[in-house]
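*Asks:* Model the full assembly from the supplied sequences, consistent with the hints where possible.
All residue numbers for the sequence shown refer to the working numbering, where the first residue is 1 and numbers rise by one.
No lab work stands behind these hints: they were computed from the structure.
Remember, it's a predicted structure, so these values are computed and weren't measured experimentally.
Yeah, the Cβ is synthetic: ideal placement off N, Cα and C, and Gly gets one too.
It cannot be assumed that every hint is accurate.
As the list claims (entries may be wrong) - Restricting the straight-line Cα-Cα distance to at most 25 angstroms, the calculated cross-link-like pairs of lysine to any residue (SDA-like) are:
| no. | residue 1 | residue 2 |
| --- | --- | --- |
| 1 | LYS80 | SER58 |
| 2 | LYS258 | ILE218 |
| 3 | LYS232 | MET132 |
| 4 | LYS65 | MET132 |
| 5 | LYS139 | ASN239 |
| 6 | LYS140 | GLY162 |
| 7 | LYS263 | ARG151 |
| 8 | LYS258 | MET187 |
| 9 | LYS241 | VAL137 |
| 10 | LYS232 | GLN255 |
| 11 | LYS263 | ALA182 |
| 12 | LYS257 | LEU230 |
| 13 | LYS80 | HIS42 |
| 14 | LYS232 | ALA182 |
| 15 | LYS241 | SER217 |
| 16 | LYS80 | TYR245 |
Claimed, not checked - Simulated restraints on C-beta separations:
| no. | residue 1 | residue 2 | range |
| --- | --- | --- | --- |
| 17 | ALA41 | VAL226 | 37 to 43 angstroms |
| 18 | ASN45 | GLU228 | 41 to 47 angstroms |
| 19 | VAL223 | ARG78 | 42 to 48 angstroms |
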Amino acid sequence: MAGLVKETPLKEEMRSELLKGRTQQRFFSSEEGEALEQPFAHPVNFESEAELDATNLSAREINEKIRELMLQGMGSIRLKNPGAKHSLAVGILNRLNLTIEGSLGYFGLGLIDGPNVVVEGRVGWSCGENMMAGTVVIKKNAGSTFGAALRGGDLVCHGDVGSRTGIDQKGGTIIVGGKTGAFSGFMMQRGRMIILGDSGQNLGDSMYDGTIYVGGSIESLGVDAVEEELTKEDVSWLNRKLSLYGLETQINLNQIKKIVSGKQLWNYDSLEPSEKKLVL
1 MAGLVKETPL KEEMRSELLK GRTQQRFFSS EEGEALEQPF AHPVNFESEA
51 ELDATNLSAR EINEKIRELM LQGMGSIRLK NPGAKHSLAV GILNRLNLTI
101 EGSLGYFGLG LIDGPNVVVE GRVGWSCGEN MMAGTVVIKK NAGSTFGAAL
151 RGGDLVCHGD VGSRTGIDQK GGTIIVGGKT GAFSGFMMQR GRMIILGDSG
201 QNLGDSMYDG TIYVGGSIES LGVDAVEEEL TKEDVSWLNR KLSLYGLETQ
251 INLNQIKKIV SGKQLWNYDS LEPSEKKLVL
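*Replies:* Okay, structure coming up:
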């Protein structure tokens with residue numbers, strides 16, 4: 001693939017092995033300042049607050065109104081009566097404090113880079129899809145494919161979520177206060193996932209890398225997902241991360257199970273056709 005380069009091994013914060021081979025991962029310095037923001041981001045004042053009643057507005061109109069308020073310098077927006085409409089608050093590439101009083105439909109908060117969002121209700125399928133940075137906190141439950149292809153930031157659901165949580169996750173952190181459905185962590189590539197409740201079937205199926213922490217029972221592990229010993233560094237990180245969202249007291253952190261890739265599929269492309277049949 002174009003653009004892939006050979007990198008020196010990377011040692012992750014809480015993993016003992018070295019990540020070798022080609023990578024697209026980029027590293028940024030905090031000294032870059034404005035370079036860490038989108039070039040077209042609007043300067044906003046977080047003390048400037050606005051309310052938006054979405055009762056009689058379409059999804060497109062709601063998203064346009066949010067952008068208009070940011071252009072006016074509003075850094076804190078309270079969205080009322082969202083009516084579980086689909087594709088709300090998507091593509092926000094700006095710092096923003098957004099509170100949503102109610103529930104969202106499918107594909108809410110997708111493709112965002114920077115805002116801090118609190119949803120006081122529920123969300124449908126694919127919330128936070130391709131999220132790049134910021135925080136999203138769901139107070140109630142979420143649908144399937146929660147955090148699909150997540151790339152960065154923290155995506156948190158205090159309740160239960162559906163199947164395929166964090167499918168194709170590429171970075172960031174997903175936290176579920178309750179249970180998750182089947183095939184969560186499917187084809188996970190990087191990042192971390194914390195499930196404080198139970199997990200459904202085929203957890204971490206075909207995961208390439210990353211880490212999944214589970215506080216409850218696991219119905220079954222997927223292909224190439226294995227349990228690894230929990231370290232003091234894991235427990236310390238879990239405590240710090242969960243305390244940010246008031247979830248650190250919900251479970252004994254020392255009893256959490258740690259799931260990682262067994263790396264038996266890492267060289268899958270180099271297998272002969274007959275060998276691939278055995279894997280499948």
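*Asks:* Has the given pair, LYS140 with GLY162, been kept, meaning a C-alpha gap of at most 25 angstroms?
*Replies:* holds (12 angstroms)
*Asks:* Mind checking the alpha carbons of LYS263 and ALA182 for me, to see if they're no more than 25 angstroms apart?
*Replies:* With a Cα-Cα distance of about 21 angstroms, the restraint between LYS263 and ALA182 holds, given a limit of 25 angstroms.
*Asks:* Taking only the CA atoms, is the gap from LYS232 to MET132 under or equal to 25 angstroms?
*Replies:* Since the Cα atoms of LYS232 and MET132 sit roughly 28 angstroms apart, the hinted pair is violated (cutoff 25 angstroms).
*Asks:* Can the suggested window of 42 to 48 angstroms be confirmed for the beta-carbon pair VAL223 and ARG78?
*Replies:* holds (45 angstroms)
*Asks:* Between LYS241 and SER217, is the straight-line Cα distance small enough, at 25 angstroms or below?
*Replies:* Holds, at roughly 21 angstroms.
*Asks:* Does LYS80 pair with HIS42 here, judged by a C-alpha cut-off of 25 angstroms?
*Replies:* Holds, at roughly 23 angstroms.
*Asks:* Keeping to a limit of 25 angstroms between CA atoms, is the pair of LYS241 and VAL137 held or broken?
*Replies:* holds (13 angstroms)
*Asks:* Can you confirm whether the C-alpha distance between LYS232 and ALA182 stays at or below 25 angstroms?
*Replies:* Outside the cut-off at roughly 29 angstroms; violated.
*Asks:* Taken at face value, is the distance from the CA of MET187 to the CA of LYS258 at most 25 angstroms?
*Replies:* Distance ~17 angstroms between LYS258 and MET187 Cα, so the pair holds.
*Asks:* Holds or violated: LYS258 with ILE218, Cα cutoff 25 angstroms?
*Replies:* holds (11 angstroms)
*Asks:* Given the hinted pair LYS80 and SER58, is their Cα-Cα distance within 25 angstroms?
*Replies:* holds (13 angstroms)
*Asks:* What's the verdict on LYS80 and TYR245, does the C-alpha distance respect the 25 angstroms limit or exceed it?
*Replies:* holds (23 angstroms)
In this structure, the earlier hints numbered 3, 14 are contradicted, and the remaining ones agree with it.
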